[in-house]
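All chains should be modelled from the sequences, with the hints used to inform the complete structure.
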Amino acid sequence: MNDARTAILERVRGALAGTERAAAPVPRDYRTNPARRPVRQDLLDLFVERVEDYRARVHRCSPEEVADTLATVLRHRRAVVPEGFAWPVPHPVPGAGLTAAELDRIPAVVTTATLGVATTGTLVLTHGEGQGPRAFSLVPDVHVCVLPADRVVLGVPEAVAALDPHRPQTWISGPSATSDIELDRVEGVHGPRELHVLVVT
Amino acid sequence: MSRTFLGTPAFPEAARAALADPQLRRNLAHATGTIRGKRAAVVAELEETGEWEQLRLAGAAIKDQTLHHLDEHLVRLEESLVAAGAVVHWARDAEEACAVVASIAHRHGLDEVVKIKSMATAEIGLNEALAAEGIAAWETDLAELIVQLGDDLPSHILVPAIHRNRAEIREIFLREMAGAGRPAPDDLTDEPARLAEAARLHLREKFLRAGMAVSGANFAVAETGTLVVVESEGNGRMCLTLPEVLVSVVGIEKVVPTWADLDAFLQLLPRSSTGERMNPYTSTWTGVTPGDGPQEVHVVLLDNGRTRALADEVGRQALRCIRCSACLNVCPVYERTGGHAYGSVYPGPIGAILTPLMRGVGTDEQVDSLPYASSLCGACYEVCPVLIDIPSVLVDQRAQVVDARRGHVSHVGESAAMKGAAWAFGSASRLAGAERLAGLAGKFLGRRRVDPGGRGVVSRLLGPGGAWSEARDLPAPPRESFRAWWRRTNGADT
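Respectively, the protein sequence lines represent chains P and Y.
Each residue of the first sequence is one higher than the one before, starting from 0 at the first, in numbering that gives the first Met the number 0.
Each residue of the second sequence is one higher than the one before, starting from 0 at the first, in numbering that gives the first Met the number 0.
No lab work stands behind these hints, which were simulated from the structure alone.
Bear in mind that the values here come from a model prediction, so they are computed numbers and not experimental data.
There could be a bad hint or two in this list.
Restricting the straight-line Cα-Cα distance to at most 25 Å, the calculated cross-link-like pairs of lysine to any residue (SDA-like) are [stated by the list, open to error]: (1) Y:K37 to P:D183; (2) Y:K205 to P:L153; (3) Y:K205 to P:R192; (4) Y:K37 to Y:A19; (5) Y:K205 to P:V141; (6) Y:K37 to P:A34; (7) Y:K37 to P:D103.
This is how it looks when you write it as structure tokens:
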């Protein structure tokens, strides 16, 4: 395999021989464009509108209302609870040590999120405290995500700048979906078919 | 089973067959029309603010910069991956890449793997290579599953089963799912939601028992060793998360220098591709994360013709491609012929340049026909999120095809005609003589008629030019040349 490495790097250098390698600077105006900030709406309204566009369900609540809202959304369903999840859940299943096959038999999961992205209606999970490993928010059919409102950022540039690439990340924009049949969007394939977002203000 | 593109006839012949299929044309027109509308709406949001053009310029510049220093970025990527606990392999061609993947599966004693849709693994024919080694590769993307179960070929970069409608998909599921695992429910209808549900149930057991997954990557970050997969259904997340072993086959042009560079591409790709502000799921991972996801992570860095494309100064911009497929959806040729006619996993305008650039021209008639599979209307360039000037590359590739085939028997007539023209244009007296001859010949030439613009045309030449003029009108040569008219009237005297 070392031969292949040497050969490929040599081919690359050969292909670029005679090419001026001086790098033109990358224009980054897309980050600073003043028109990006919404004028008509505040950030949180924009986030809620964009999340709802994907047919995810958004519930706004105060910190005191989180427990009740969780109970309403989950109804009688059992829910996986990752370590460090701070709110009470009516029928909790402790997440530690669950296998994928065990997760598959539990209808719901609750997590927090590290960030919300307003312009795209995206939740970003980095799978630490309160979020659990990546399989938690994937295998159960209902995902309920609690997001403190102050974690909502404007757009993708702000999110990328704030995130740590060394952590695994899952960016979630609405429930699992496909457009593979006649390019019609259908919600619900392999990931959770129901996504609830509790925005805590 | 699995068919391949081997033996696809040259584009004009393959296109003729595709055009004769009315069902295919209906399916394609409907699907490409839908996606064009969705893309236009979400791109317009960013055009209003001026961001879209800024993003395209940034995307193109990042990719160009990376390609100009590709050797350095690849070495950096390798270092970062190794530091994060991944194993890095290099593969010069398809055969080497397939051998790496098969040997990893063998080492774990596995006879099946689950797969995320990936252009790179389709390009190298991984499924067929693994099957030859006794390893079943299960496609888990819905469209790939439709193609695999139907023993069909992909026809679109994003939606490989774009040529199938819901009724056809239902048929395939009812007929074929039982042979591959959990059968489709007997009461399956052709409602997309029911079809998606059938795929969910069919694949769930495969995800839960899989020991190894194979993926591609949309981006590979040199600075950190982070790989990125952008998807919709969650099958990607299943593959990237549940099995113990993960192998990602990554084309060497997928590298981007820094994590921060992703902020441009994660805006450009989903809007161009599925016409969404953001695709449902994007996964990023950096080597091995203890206690979360695969504990053995491999990355295969694949050349397979990419360095050949890199050496082409006009064509190397094709390596900026982020596989969004926007150019397919707007292409008037693709919309009518579909993807199979291009004879490659890369169809449409991007395929028409990528295939000849990666394989080289002058040896395979099918490859040489691809740069001509275009009307050069430029719609592809207009939508490309990384500003690949596809029409210019097509024209340059055509020139390369002609150069490579100079002296080739079918072109002898054309090159003799060109040589004759060069000789005639080379001197004033020879040109005058030629014009006199043309004027005379014009009187006797095939059928003369008047075109809608009022110009006299010859619609069918006699003799060796007959085939050439089958689809072209030729302006009828004037009875009297400009020179002769000038001599007769002394110009201004008239």
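Next on the checklist: When the structure is checked against the list of hints, which entries are broken? Sort them ascending.
Outcome noted: 2, 4 and 7
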